[in-house]
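Given next are the chains, with one letter for each unit.
There are 2 protein chains.
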Amino acid sequence: MPQLDDFLAEHKDRFESDLFDLLAIPSISADSDYKSDLLRAGQWVAEKFRRIGLSVEMVETAGHPIVYAESPPVEGAPTVLVYGHYDVQPPDPLDEWISPPFEPTCRDGNVYARGATDDKGQMLTHVLSAEAWMETAESLPLQIKYVIEGEEEVGSEHLAPFIAENKEKLACDVVVISDTSQFAPGQPAITYGLKGIAYFELRVQGPRQDLHSGTFGGAVSNPCNGLAHILSSLVDEEGRVQIPGFYDDVLPLDSRERRQFAGLPFDERGFMEQIGVEAVHGEAGYSTLERRWARPTYDVNGIWGGYQGEGEKTVLPAKAGAKFSFRLVPDQDPKKIAEALREHLTAVCPPGLELELEERHGAPGFVVSLDSPFMSAAALAIEQGFGRSPVFIREGGSIPIVTCMSEHLGADVLLLGWGLDDDNTHSPNEKFSLTDFHRGIKSSAHLWRELSRIGAS
Amino acid sequence: MPQLDDFLAEHKDRFESDLFDLLAIPSISADSDYKSDLLRAGQWVAEKFRRIGLSVEMVETAGHPIVYAESPPVEGAPTVLVYGHYDVQPPDPLDEWISPPFEPTCRDGNVYARGATDDKGQMLTHVLSAEAWMETAESLPLQIKYVIEGEEEVGSEHLAPFIAENKEKLACDVVVISDTSQFAPGQPAITYGLKGIAYFELRVQGPRQDLHSGTFGGAVSNPCNGLAHILSSLVDEEGRVQIPGFYDDVLPLDSRERRQFAGLPFDERGFMEQIGVEAVHGEAGYSTLERRWARPTYDVNGIWGGYQGEGEKTVLPAKAGAKFSFRLVPDQDPKKIAEALREHLTAVCPPGLELELEERHGAPGFVVSLDSPFMSAAALAIEQGFGRSPVFIREGGSIPIVTCMSEHLGADVLLLGWGLDDDNTHSPNEKFSLTDFHRGIKSSAHLWRELSRIGAS
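So the sequence lines, in the order shown, correspond to chains F and W.
The first sequence maps to residues 1 to 457 in the working numbering.
The second sequence maps to residues 1001 to 1457 in the working numbering.
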């Protein structure tokens, strides 16, 4: 595609200028003071689609609008849905920014601004690649539907119902999202799996009120002692969750995946230094990357009870509590896990304590087959954009909207990350490499071609 | 002693009036606004001693003064030291008091006021009994030394050095303290054992800063998980502490004690209802009273870490911590326990976590032989005061000053409780039964006689 590649090379400055325009709008979805800026950012994106020649719709919601755009269907070619978001995280703490968060500034080949990588910069690559096609070929080689929302940073409250209610309109063969990272600088990655989650809050009630630990200690169960016992009973010393049936539905890592993970240039020593620990530790029999990406885990996220102040208080507390969560992998079912947890808790609860378990949030894990034709197409496109084949990785985090789209639209999802781990997403001095911005646009432009060759479903 | 008993019967009103005078002084040691009231209360006690005919000294300290008084030595009779305190707890919350805390008010045979039972009322019984002796016999049958301090409710900071520096002046055969409770209304008790304590704060450090539990969970030790594991490892499900050597120096309950405890009219169902639990639970093989009074115990007093707010935060916290304590029994040594604990912690600490253990407070337990002649003398005296033999009990709490006196003066300690468990010590509406006040004075008056028969050491 020499013509397309030439166009991309010639228009780099203009693409950057588009990016800077959008980054200059403080579209902070968490702060209602910025409501008009959200609208402005949404309109900017909509106007961009209009100029490219796509049909555009501003979908009003009770929150910020969803920008929907689409190109015409192309017979014999699949339909792709691009998801992204135009809202950004709050920039606080402001005094830690070297240049102001909404005055995009270039330093060392990066643009610094809130939203640079998350997600304005990454999202725009898929818009500008469409522009390149329209300008050079006057049409796209396949139908693209764009869903660009303004509430990703505040929980996508209105996007899920929009998707559920518009399954036909949004029907597609594959969803493309660029809101993740490369494996390392210059080493692009396709994220083909995400973990799910089952998040709980447990409250333990003992005596009616705080008691003197001298007068009553040792005679009745102490909720803090009990909580420690219960939380500790959920896992053994080798990192294996002890809830009966917990691993029943776990899709095991296959040998190809294990080989791939093992072949990645993962620097475990550097990882330890980065987070400041003397040792890694996790489920026996698995590597650090396997534990992070593809094995279910158990973390206490918060714990409280009794006296937390200075000095000593000889109290036998009336209550204690904890928040804890399991990161799930396919095909674990959060509801089934919650039921098994309830049974386990009943079995291990010390006499005289009452437990209250609240199921806070549950989502299944997600994995795309490495054999999917979309995966191969994306790999080819990325190789053309980055000059290097992508590696196939998974992530320990959850992206609820991915699960939602995968479930409602029945489509595969391609997570194509142009960002870097140290891009300061959600922190001061967020950045995005301009080289990677252009590589992303080129990869995207080639992706439309590669995907179009697959044929319609 | 008909003359003495008659005197006590005739002067009941005046004794009560003395008590009310002292209770009206707001000697709140925790609040520096009341410094002059502390002085006033100390002077009131000193003046009382002077009127009785004892030699008196106001011992200045960097805090509130200690009132020291003594009667002349009596050849062939032992010397007794009476300890008590004239300071009181703060009365907050004030709006829960039915009558104002420093306006002593009689209702249902009780006087309601802050300090009524803790310790002005109980302490005065031993002063008024001496007055009765002086008025009826013109002398006491044995030498009494009084140490009445004004800082008990704030930790007795200046009393310990006073005792350590005045061992000869304070030399005695037995110490008498009334700052505890009867076993039940009308069933007096001699407390012959107290527990000691070893109080710790443990801080657990994991990664340098809070991490995303999705990206990092399962790959590094989580300080909250680790803390639960460590705290849980300290005890088994049957309530037995798991630190190697923990029970090595425990003085076992002998069969006489176990029979006595078992014979007490302890209402376990009522105990459970009182504190609001469905079941008692503790060290296997021991009764509730044995666990509370004479077996070492382990309680987590406070626990913290990670996110304690509303909703969910998917954090792998950087740190966590807990305060926990062991109640010790004779002859456990808090220092030895701390050393064994350190070794245990090192053995069970999960990889990648750093532990910081702070030894906050340690004191050994305390027990007086039931065969001591002072014990028999006190039992006889109490039988005369209350019309009923006392039962012999122990307590799960610690009274640091008891340990201090026992160690420095090498004397036995008699804890003769005239109060009741529901006297609201440290709570609003503190009270003291006036019947028990007079029974206490009479028991005390007879105690001087019974002790004088033992002979000097």
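Among the clues, some could well be false.
[As the list claims (entries may be wrong)] In silico BS3-like pairs for lysine-lysine, Cα to Cα no more than 27 Å straight-line:
1. W:K1336 with F:K313
2. F:K313 with W:K1335
3. F:K335 with W:K1313
4. F:K313 with W:K1035
5. W:K1336 with F:K336
6. W:K1167 with W:K1313
7. F:K12 with F:K169
8. W:K1145 with W:K1167
9. F:K12 with F:K167
10. W:K1167 with W:K1012
11. F:K335 with F:K167
12. F:K313 with F:K336
13. W:K1145 with F:K35
14. F:K169 with F:K145
15. W:K1145 with W:K1169
16. W:K1169 with W:K1012
[Stated by the list, open to error] Calculated from the model, a selection of chain W residues having no Cβ within reach of chain F, i.e. all distances over 12 Å:
17. H1158
18. P1223
19. V1235
20. E1283
21. R1291
22. E1395
None of these hints come from the bench; they were simulated from the model.
Each residue gets a CB set at the ideal place from its N, CA and C atoms; glycine is no exception.
Status of each hint after checking the structure:
A threshold of 27 Å between alpha carbons decides the hint, and for K1336 (chain W) with K313 (chain F) the separation of about 22 Å falls inside it, so the pair holds. Restraint check for K313 (chain F) and K1335 (chain W): satisfied, since their Cα atoms lie roughly 20 Å apart, inside the 27 Å limit. Of the supplied pair hints, the one linking K335 (chain F) and K1313 (chain W) holds, its CA atoms being roughly 20 Å apart against a limit of 27 Å. Between K313 (chain F) and K1035 (chain W) the alpha-carbon distance is near 25 Å, which keeps this suggested pair within the 27 Å criterion.
With a C-alpha separation of about 48 Å, the suggested pair K1336 (chain W) and K336 (chain F) falls outside the 27 Å cut-off, and the hint is violated. The hinted pair formed by K1167 (chain W) and K1313 (chain W) fails the criterion: a straight-line CA distance of about 59 Å is larger than 27 Å. Straight-line distance between C-alpha atoms of K12 (chain F) and K169 (chain F) comes to about 33 Å, which puts the hinted pair past the 27 Å bound. The suggested pairing of K1145 (chain W) with K1167 (chain W) holds, with an alpha-carbon distance near 12 Å, which does not exceed 27 Å.
Restraint check for K12 (chain F) and K167 (chain F): the C-alpha separation of about 36 Å exceeds 27 Å, so the hint is violated. For the proposed pair K1167 (chain W) and K1012 (chain W), the alpha carbon gap of about 36 Å is over 27 Å, so the pair is violated. About 25 Å separates the Cα atoms of K335 (chain F) and K167 (chain F), which keeps this hinted pair within 27 Å; it holds. Distance check on the hinted pair: K313 (chain F) and K336 (chain F) sit about 41 Å apart at the alpha-carbon level, beyond 27 Å; violated.
For the suggested pair K1145 (chain W) and K35 (chain F), the alpha carbons sit about 79 Å apart, so the restraint of at most 27 Å is broken. Of the pairs offered as hints, the one joining K169 (chain F) and K145 (chain F) holds, with about 9 Å between alpha carbons and a cut-off of 27 Å not exceeded. Between the alpha carbons of K1145 (chain W) and K1169 (chain W) the distance comes to roughly 9 Å, so the proposed pair stays at or under 27 Å and holds. Between K1169 (chain W) and K1012 (chain W) the alpha-carbon distance is near 33 Å, which puts this suggested pair outside the 27 Å criterion.
Every beta carbon of chain F lies more than 12 Å from that of H1158 (chain W), the smallest distance being close to 19 Å; the non-interface claim holds. For P1223 (chain W), the condition that its CB be more than 12 Å from all CB atoms of chain F is violated, with the nearest at approximately 9 Å. The beta carbon of V1235 (chain W) sits about 7 Å from the closest Cβ of chain F, which is not more than 12 Å, so the claim that it is off the interface is violated. Look at E1283 (chain W): its CB is around 6 Å from the nearest CB on chain F, not clear of 12 Å, so calling it non-interface is violated.
With a least CB separation of 4 Å from chain F, R1291 (chain W) falls inside the 12 Å interface cut-off, contrary to its annotation. For E1395 (chain W), the condition that its CB be more than 12 Å from all CB atoms of chain F is violated, with the nearest at approximately 7 Å.
Comparing the model with each numbered hint stated earlier shows that hints 5, 6, 7, 9, 10, 12, 13, 16, 18, 19, 20, 21, 22 do not hold.
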